[in-house]
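Produce the complete structure using the sequences and hints provided.
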Amino acid sequence: MHKKMDFNKIESSISIMDQTYDANFGEWIKNEENCRIIGHNLKKYIDKYPSHKSIVVIKWIVKDWTLRSIIHLVKKMVIDDIKLKKSSSKKTQLLSKSQYSKRIEIVKGIIYTWNVVFIAEFIFSVSRIFEKSDEKYIFIESILKDFNVEKTKDILKHMDEKIDNKIKNIIVSKINANETTKRKWNKSMIDAFNLL
2 MHKKMDFNKI
12 ESSISIMDQT
22 YDANFGEWIK
32 NEENCRIIGH
42 NLKKYIDKYP
52 SHKSIVVIKW
62 IVKDWTLRSI
72 IHLVKKMVID
82 DIKLKKSSSK
92 KTQLLSKSQY
102 SKRIEIVKGI
112 IYTWNVVFIA
122 EFIFSVSRIF
132 EKSDEKYIFI
142 ESILKDFNVE
152 KTKDILKHMD
162 EKIDNKIKNI
172 IVSKINANET
182 TKRKWNKSMI
192 DAFNLL
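Heads up: the sequence shown begins at 2 in the numbering used here, then just goes up one per residue.
Since the hints were derived computationally from the structure, they do not count as laboratory data. All C-beta atoms, glycine included, are put in the ideal place defined by N, C-alpha and C. Be aware that a few hints might be false.
To be verified - Lysine to any residue pairs mimicking SDA-like chemistry, simulated, CA-CA at most 20 Å apart:
1) K137 <-> I176
2) K31 <-> I72
3) K103 <-> I130
4) K103 <-> Y113
5) K76 <-> N35
6) K49 <-> D82
7) K98 <-> E142
8) K54 <-> I105
9) K152 <-> N116
10) K185 <-> I107
11) K76 <-> I105
12) K76 <-> E136
13) K31 <-> W61
14) K163 <-> V117
15) K54 <-> K76
16) K98 <-> I47
17) K10 <-> Y22
18) K169 <-> I130
Stated by the list, open to error - Simulated restraints on C-beta separations:
19) Q20 <-> D165: 50 to 58 Å
20) K175 <-> R69: 25 to 33 Å
21) D81 <-> Y50: 13 to 21 Å
22) D81 <-> D165: 16 to 24 Å
23) K49 <-> S13: 20 to 28 Å
24) D23 <-> D161: 46 to 54 Å
25) Y50 <-> W29: 14 to 22 Å
26) K175 <-> M18: 41 to 49 Å
27) K49 <-> W29: 19 to 27 Å
28) E162 <-> I191: 27 to 35 Å
29) H41 <-> I139: 22 to 30 Å
30) A24 <-> S134: 45 to 53 Å
31) K44 <-> N116: 21 to 29 Å
Pasting the structure below:
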């Protein structure tokens with residue numbers, strides 16, 4: 002049986018934890034001034050928990066944050082890893098396909114219900130970390146893949162001057178040719194994506 006995770010359950014758990022340990026963890030973790038530290042710490046748990054749980058927790062944390070702070074959190078928590086993951090021996094390793102997909106799912110889940118203007122600004126700001134055009138294209142296309150056609154076109158329209166026309170044209174042509182394969186989400190992921 003699927004146990005639905007929601008903001009009330011998280012709030013209750015944090016309250017119990019704060020009372021038990023005489024702490025103010027709930028206040029600290031929801032303070033957007035801590036966005037980079039929070040992102041760095043949450044990064045450790047991405048591969049330990051299902052994507053839908055990560056999405057709900059992150060949405061709870063950033064509920065009242067500014068777009069800028071959410072961007073900083075996501076860059077620290079997910080995007081740095083998507084670009085390159087450093088091993089302890091300082092050699093560069095790419096993420097596995099499943100690790101990459103999981104991080105993309107989390108990013109999509111965070112922004113899925115946002116207004117297209119905010120999604121466009123978020124994607125533009127976050128994608129600037131990618132220096133190579135093909136990396137940027139793969140990232141943007143991966144994020145937009147599961148949005149409906151109209152919303153995707155709207156997002157791209159708002160990014161018009163901010164992204165390379167080549168990238169935009171490839172994505173639009175794929176959408177128009179219906180070449181993007183949308184994933185089938187389970188109920189937990191759908192609930193997490195649609196949580197406001």
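Structure-based check of each hint:
At most 20 Å may separate the alpha-carbon atoms for a hinted pair to count; K137 and I176 meet this at roughly 17 Å. For the proposed pair K31 and I72, the alpha carbon gap of about 15 Å is at most 20 Å, so the pair holds. Distance restraint check for K103 and I130: the Cα-Cα separation of roughly 19 Å lies within the 20 Å cut-off, and the hinted pair is therefore satisfied. Distance hint between K103 and Y113 is fulfilled; the C-alpha atoms sit about 15 Å from each other, no more than 20 Å.
Using a Cα cut-off of 20 Å, the hinted pair K76 and N35 holds, with the two alpha carbons roughly 13 Å apart. At most 20 Å may separate the alpha-carbon atoms for a hinted pair to count; K49 and D82 meet this at roughly 15 Å. With a CA separation close to 15 Å, the supplied pair K98 and E142 stays within the 20 Å bound. The straight-line distance between the Cα atoms of K54 and I105 is roughly 14 Å, inside the 20 Å bound, and the hint therefore holds.
The straight-line distance between the Cα atoms of K152 and N116 is roughly 9 Å, inside the 20 Å bound, and the hint therefore holds. Distance check on the hinted pair: K185 and I107 sit about 15 Å apart at the alpha-carbon level, within 20 Å; holds. Between the alpha carbons of K76 and I105 the distance comes to roughly 12 Å, so the proposed pair stays at or under 20 Å and holds. A threshold of 20 Å between alpha carbons decides the hint, and for K76 with E136 the separation of about 15 Å falls inside it, so the pair holds.
Of the supplied pair hints, the one linking K31 and W61 holds, its CA atoms being roughly 8 Å apart against a limit of 20 Å. For the suggested pair K163 and V117, the alpha carbons sit about 14 Å apart, so the restraint of at most 20 Å is met. With a CA separation close to 19 Å, the supplied pair K54 and K76 stays within the 20 Å bound. Under the criterion of a C-alpha separation no larger than 20 Å, the hint pairing K98 with I47 is consistent with the structure, at around 14 Å.
The suggested pairing of K10 with Y22 holds, with an alpha-carbon distance near 18 Å, which does not exceed 20 Å. Pair hint K169 plus I130 holds up; C-alpha atoms about 17 Å apart against a cutoff of 20 Å. Range check, Q20 to D165: about 52 Å between beta-carbon atoms, so the 50 to 58 Å window is met. For the pair K175 and R69, the supplied restraint of 25 to 33 Å holds, since their beta-carbon distance comes to about 30 Å.
In this structure, D81 and Y50 meet the distance hint of 13 to 21 Å, their C-beta atoms being roughly 19 Å apart. The hint said 16 to 24 Å for the Cβ distance between D81 and D165, and at roughly 22 Å that hint holds. In this structure the supplied range 20 to 28 Å holds for K49 paired with S13, their Cβ-Cβ distance being about 22 Å. Distance hint check: the CB atoms of D23 and D161 are about 52 Å apart, consistent with the given range 46 to 54 Å.
Between Y50 and W29 the C-beta distance comes to about 20 Å, which sits within the given range of 14 to 22 Å. For K175 and M18, the hinted distance range of 41 to 49 Å is satisfied, since their beta carbons lie about 45 Å from each other. The supplied range of 19 to 27 Å is met by K49 and W29, whose beta-carbon atoms lie about 21 Å from each other. Distance hint for E162 and I191: a CB-CB separation of about 34 Å, consistent with the stated range 27 to 35 Å.
Restraint check, H41 to I139: a C-beta distance of roughly 24 Å satisfies the suggested window 22 to 30 Å. Separation of A24 from S134 is about 46 Å and conforms to the stated range, judged on CB atoms against 45 to 53 Å. The supplied range of 21 to 29 Å is met by K44 and N116, whose beta-carbon atoms lie about 27 Å from each other.
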